[in-house]
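**Q** With chain A held as given, fit chain X onto it using these hints.
One-letter residues, chain by chain:
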Amino acid sequence: MMLAVPTLGAVNPWLAAGMIAAVAITSTIGEVLTAAAMKSIGDLDDIRAHSGLKGAIRAVLTCPLFFAGVGFLALAFFALLFALNHLNLSLAAPASASLTLVTNAIAAKLFLKENVDRRRWTAALLVCVGVYLLAH
Amino acid sequence: MSYHKLKLGQVAILALVAICAPLGDSCLARGMRELPAISLDHPLALIAAVFHPWIAAGIALLICFFACYLTALSWADLTYVLPTTAFGYVVIASYRWAGILLITLGVGFVARGPSLTEKEIAEVAVESKS
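Chains A and X, in that order, give the protein sequences.
Heads up: the first sequence at position 55 corresponds to 344 in the numbering used here, and the numbers run straight through without jumps.
Heads up: the second sequence at position 80 corresponds to 105 in the numbering used here, and the numbers run straight through without jumps.
Since the hints were derived computationally from the structure, they do not count as laboratory data.
Take the hints with a grain of salt, since some may be wrong.
Stated by the list, open to error - In silico DSSO-like cross-links for lysine-lysine, where the CA-CA straight-line distance does not exceed 30 Å:
| hint | chain 1 | residue 1 | chain 2 | residue 2 |
| --- | --- | --- | --- | --- |
| 1 | X | 144 | A | 402 |
| 2 | X | 30 | A | 343 |
| 3 | A | 398 | X | 144 |
| 4 | X | 30 | X | 144 |
Stated by the list, open to error - Example chain A residues on the side facing chain X (calculated, C-beta under 10 Å, incomplete):
| hint | residue |
| --- | --- |
| 5 | 318 |
| 6 | 321 |
| 7 | 327 |
| 8 | 333 |
| 9 | 337 |
| 10 | 341 |
| 11 | 343 |
| 12 | 394 |
| 13 | 396 |
| 14 | 397 |
| 15 | 403 |
| 16 | 413 |
| 17 | 414 |
| 18 | 415 |
| 19 | 416 |
| 20 | 421 |
Using N, Cα and C, we set each Cβ at its ideal position, and we do this for glycine too.
Just chain A, same shape as in the assembly (with noise of 0.2 Å):
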């Protein structure tokens, strides 16, 4: 009977490896620094009741920290792509994506200050497994 082994093609474990970290590290880094630019800015909300929908935007567009996280969000996307022209599919877009929910959650918590308590360490755990099983 055969069994069906998961490949890596013709590439290093190890370089594959460090593909898959490479998209997970930028796209975390993006994430984080999204984030910390909404939190500078404020709750849109407000400003947008405030000053319109065209202060919501430029309050956005203003903030320099708000363009250093679509940056890297962008390079995490050429990473994946890069990613995705030596890796097979089935592994490189499911372990980015779940390994990232993990990488954010130690990075909110180290930079971001966030409570990232034993609820969140959980959903973060269950979401990661559940989205490698469901793209695997």
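**A** Structure of chain X alone, referenced to chain A:
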């Protein structure tokens, strides 16, 4: 402990984040499949692709997703928004029940907690102890 409960409008924003991203991706995928293969030798074909109805709809949905995502991040923690909006994965492939069950459990876990880290209350508690 004080909890930041979400208003109805904020729940709607989170729902839009969860729905618009997978729908936008699906529209883009459908539009790109309907077009002939695009080569990097002819990059202008990519610009023409933007005007394909499915791709235009996908881009509009993804713009809506990003606007709602930024709005959600302005009043909720990143570690609240990401797992909560992971419900979008369920929208794309509703037949893989093991994944769905775990994601739903994760969403339920985080949604029952506070949506924002209460720094002032934590500081007051530390001060009152000391």
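**Q** Hints first: check each against the structure and report whether it holds.
**A** How the hints compare with the structure:
1. X/144 to A/402: holds (9 Å)
2. X/30 to A/343: Distance of about 28 Å is within 30 Å: holds.
3. A/398 to X/144: holds (13 Å)
4. X/30 to X/144: holds (16 Å)
5. 318: Residue 318 of chain A check fails; min Cβ-Cβ to chain X is 12 Å, beyond 10 Å.
6. 321: Constraint on residue 321 of chain A satisfied, holds at 7 Å.
7. 327: holds (4 Å)
8. 333: holds (4 Å)
9. 337: holds (9 Å)
10. 341: Since chain X brings no Cβ nearer than about 15 Å to residue 341 of chain A, farther than 10 Å, the hint is violated.
11. 343: With a minimum Cβ separation of about 14 Å from chain X (threshold 10 Å), the hint on residue 343 of chain A is violated.
12. 394: holds (5 Å)
13. 396: holds (8 Å)
14. 397: Cβ of residue 397 of chain A sits 5 Å from chain X, so the hint holds.
15. 403: holds (5 Å)
16. 413: holds (6 Å)
17. 414: This hint holds: residue 414 of chain A lies near chain X, its Cβ roughly 8 Å from the closest one there, short of 10 Å.
18. 415: holds (4 Å)
19. 416: holds (4 Å)
20. 421: Interface hint status for residue 421 of chain A: holds (8 Å vs cutoff 10 Å).
In summary, the structure is inconsistent with hints 5, 10, 11 from the numbered list given earlier, while agreeing with the others.
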